[in-house]
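Start from the sequences, fold in the hints, and give me the full structure.
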Amino acid sequence: MTTGSGSGGTSTAKSEIIDLENPNMKCKDWASYPMNVNGATGQVIGNYAFICGGYSSGSHRSNCYKIGPESAVALPNLSNARDDASSGVFNNALFVTGGDRTGGYLLNATEYISEDKQQNGVSMPVKVEHHCVIQVNLNEILVTGGNGANQRDTY
1 MTTGSGSGGT
11 STAKSEIIDL
21 ENPNMKCKDW
31 ASYPMNVNGA
41 TGQVIGNYAF
51 ICGGYSSGSH
61 RSNCYKIGPE
71 SAVALPNLSN
81 ARDDASSGVF
91 NNALFVTGGD
101 RTGGYLLNAT
111 EYISEDKQQN
121 GVSMPVKVEH
131 HCVIQVNLNE
141 ILVTGGNGAN
151 QRDTY
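Note that this note's numbering has the sequence shown beginning at 1, numbered continuously upward.
Source of the hints: derived by calculation from the structure; they are not laboratory data. C-beta atoms are modelled at their ideal positions from N, C-alpha and C, and glycine is treated no differently. Mixed in with the good hints there might be a few duds.
Distance windows between CB atoms, simulated [claimed, not checked]:
| # | residue 1 | residue 2 | range |
| --- | --- | --- | --- |
| 1 | Pro125 | Asn77 | 24 to 34 Å |
| 2 | Leu138 | Asn47 | 10 to 20 Å |
| 3 | Asn24 | Lys117 | 36 to 46 Å |
Here it is, written out as C-alpha cells:
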C-alpha cells in the first residue's frame with residue numbers, strides 16, 4: 001500500500017494497493033487518506049493500514065487513521081506531531097519512532113497507537129528522522145540510518 005507524497009514532493013491523499021508478487025495485477029484502491037500529506041509513517045495491522053503523522057498544509061500532524069478498503073477511521077492522535085518518522089508493530093499497535101516536528105526539532109520519542117489508545121514509549125538513544133525500522137520479530141525492531149544520528153549506527 002502506498003499513500004502520501006505524489007510526484008515532485010507534492011502531497012496527496014490517494015491510497016494505492018500494489019501486488020508485489022504480480023506487478024501486472026491491478027488491485028482496487030483503498031479509501032483515501034483524509035488529508036493530503038507527506039512524510040507519514042504506517043504499517044499493516046490485521047487487515048488495515050495504520051498511518052500516523054506527516055506534514056500537511058504547512059504543519060506537522062499528529063493525526064492517525066486506520067485505512068481499509070471502504071473507509072478511513074480516526075485513531076487516537078500521536079502525543080508528538082511529527083513527520084519523517086518510522087514505525088513497526090508491537091502487540092497490534094503501531095510503534096512510532098523519531099521523526100521531526102516544527103522548527104526542525106528532531107525527536108527520540110517513541111509511542112504506541114492502537115485502535116483505542118495512545119501510549120508513550122521509551123526514548124531512543126538518539127534523535128533521528130528519515131531512519132529505517134526493520135521488524136526483526138514480534139518483540140524486536142532494528143533502527144538504522146537516518147538524519148541526526150551517526151548514519152552507520154544501528155540500535
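Between Pro125 and Asn77, does the beta-carbon spacing fit 24 to 34 Å?
-> Since the Cβ atoms of Pro125 and Asn77 sit about 26 Å apart, the hinted range of 24 to 34 Å holds.
That 36 to 46 Å hint for Asn24 and Lys117 (C-beta), does it hold up?
-> holds, 41 Å
Does the Cβ pair Leu138, Asn47 satisfy 10 to 20 Å?
-> holds, 18 Å
Consistency with the previously given hints is maintained throughout, with no hint failing.
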